[in-house]
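Make the full structure from the sequences, and use the hints.
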Amino acid sequence: MALEEQFARLIKTLQLIEREPLKWDTAGLELEFGVGRATVERDIRILRQWGTIERKDGCFAVKQMKFLPTNFTPSEALSLVLAGSLATDRISLPHSDALSTALKKIDSLLPEQMESMIKKMCKRVSIGIKLVRDCDADVMDMLSRAISFHNPIDIDYHVASRKELTRRKVDPYGLTFRFGAWYLIGFCHLRESIRTFGLDRIRSIRVLDDHFRYPKDFDLEEYLKRGWSLQSDWSPCRIRLRFCSELAGWIEGCTFHPQQKITREKKGTVIFEVNIAGWEEIKHWVLGFGDRVEVLEPDGLRDAVAETGARIAQLYALKKTD
Numbered sequence: 001m002a003l004e005e006q007f008a009r010l011i012k013t014l015q016l017i018e019r020e021p022l023k024w025d026t027a028g029l030e031l032e033f034g035v036g037r038a039t040v041e042r043d044i045r046i047l048r049q050w051g052t053i054e055r056k057d058g059c060f061a062v063k064q065m066k067f068l069p070t071n072f073t074p075s076e077a078l079s080l081v082l083a084g085s086l087a088t089d090r091i092s093l094p095h096s097d098a099l100s101t102a103l104k105k106i107d108s109l110l111p112e113q114m115e116s117m118i119k120k121m122c123k124r125v126s127i128g129i130k131l132v133r134d135c136d137a138d139v140m141d142m143l144s145r146a147i148s149f150h151n152p153i154d155i156d157y158h159v160a161s162r163k164e165l166t167r168r169k170v171d172p173y174g175l176t177f178r179f180g181a182w183y184l185i186g187f188c189h190l191r192e193s194i195r196t197f198g199l200d201r202i203r204s205i206r207v208l209d210d211h212f213r214y215p216k217d218f219d220l221e222e223y224l225k226r227g228w229s230l231q232s233d234w235s236p237c238r239i240r241l242r243f244c245s246e247l248a249g250w251i252e253g254c255t256f257h258p259q260q261k262i263t264r265e266k267k268g269t270v271i272f273e274v275n276i277a278g279w280e281e282i283k284h285w286v287l288g289f290g291d292r293v294e295v296l297e298p299d300g301l302r303d304a305v306a307e308t309g310a311r312i313a314q315l316y317a318l319k320k321t322d
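Here the sequence shown stands for residues 1 to 322, numbered as in this note's numbering.
Just so you know, the hints here were simulated from the structure itself, not pulled from any lab data. Certain hints may be false.
To be verified - Subject to a maximum C-alpha distance of 20 Å in a straight line, what follows is the list of computed SDA-like cross-link-like pairs (lysine to any residue):
1) K261 / E222
2) K283 / H257
3) K163 / R191
What the hints assert, rightly or not - Ranges between beta-carbon positions, derived for each pair:
4) D210 / R242: 45 to 55 Å
5) E281 / R19: 26 to 36 Å
6) W285 / R133: 45 to 55 Å
7) C244 / R162: 33 to 43 Å
Values in this document were obtained by computation on a predicted structure and should not be read as measured data. All C-beta atoms, glycine included, are put in the ideal place defined by N, C-alpha and C.
Here it is, written out as structure tokens:
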């Protein structure tokens with residue numbers, strides 16, 4: 001018997017005896033679901049894990065329930081648990097403690113067979129996303145509230161490039177998770193432009209009582225599409241790369257950017273094109289492919305990659321002579 005079929009029948013049984021107490025007996029449930037008496041009795045025993053099911057004159061009624069379960073299928077329940085595991089163990093979502101508690105409650109109220117199946121699947125699914133730069137849970141919670149209620153914030157922010165602490169007033173527009181870390185996107189009153197702030201660099205935060213007007217023409221996803229990853233406030237730039245034939249099939253099958261264009265050449269190589277804000281961020285991605293990619297445009301990116309390659313070659317040449 002399929003576990004999903006049993007779970008659907010359990011939910012339906014609970015709904016019937018809750019809506020029409022003392023109407024449904026074993027025979028009626030047998031007829032309703034086309035199952036035998038033993039199956040109905042087993043279902044009732046499982047439902048009693050969720051609360052008190054009384055029986056009077058052979059008919060059932062819900063006396064007290066710990067929780068009236070939502071009509072989850074096993075795959076839906078599994079997805080919730082996996083998502084919860086990702087949120088609480090990997091990337092530290094806002095209110096992750098509350099989410100973890102809620103998921104534990106759902107888990108404890110599931111039938112034993114489904115609980116066992118979900119735990120087994122969780123051990124056999126690996127999610128390759130991990131928080132590599134931690135952030136303060138209080139900062140995350142305060143930011144999520146400020147974003148929801150359009151409250152500006154005052155932050156003491158550590159600028160890594162200058163190794164200095166600066167005070168900023170920011171209108172927080174949204175959060176994004178990139179490269180194992182959380183970032184705030186918002187309007188910086190000091191710089192008078194939209195900026196990106198790493199949450200791990202926020203040393204203190206204060207949510208202000210006043211409110212800011214969220215720009216009608218601002219969309220977080222559209223804003224992020226302008227850049228390669230995070231930086232979206234640089235000048236537009238056309239990127240053209242040529243990948244070797246060995247990587248062609250893999251490149252064609254991947255979506256690295258929503259606005260990318262990939263063209264296969266006769267000799268088996270592929271041309272990768274994308275228009276983004278600046279080339280500084282994509283440089284590190286390009287370098288990861290070594291000699292299997294050539295920068296065609298822009299000249300600034302081509303020169304930067306060539307200079308880095310020359311320094312790498314010099315580094316290893318020096319080590320050979322040591």
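Taking 20 Å as the top limit, are the C-alpha atoms of K283 and H257 close enough?
holds (15 Å)
Hinted pair, alpha-carbon criterion (20 Å max): K163, R191. Please report holds or violated.
holds (18 Å)
45 to 55 Å was suggested as the range; check whether the CB atoms of W285 and R133 agree with it.
violated (19 Å)
Is the Cα-Cα distance between K261 and E222 20 Å or less?
holds (18 Å)
Confirm or reject the claim that C244 and R162 have a C-beta distance inside 33 to 43 Å.
Given a distance of about 39 Å, which is inside 33 to 43 Å, the answer is holds.
Evaluate the given range 45 to 55 Å for the C-beta pair formed by D210 and R242.
52 Å Cβ-Cβ, so the 45 to 55 Å window holds.
Assuming the hint says 26 to 36 Å, is it satisfied by the Cβ distance from E281 to R19 or not?
violated (57 Å)
The structure fails to meet hints 5 and 6 from the earlier list, while all remaining hints are met.
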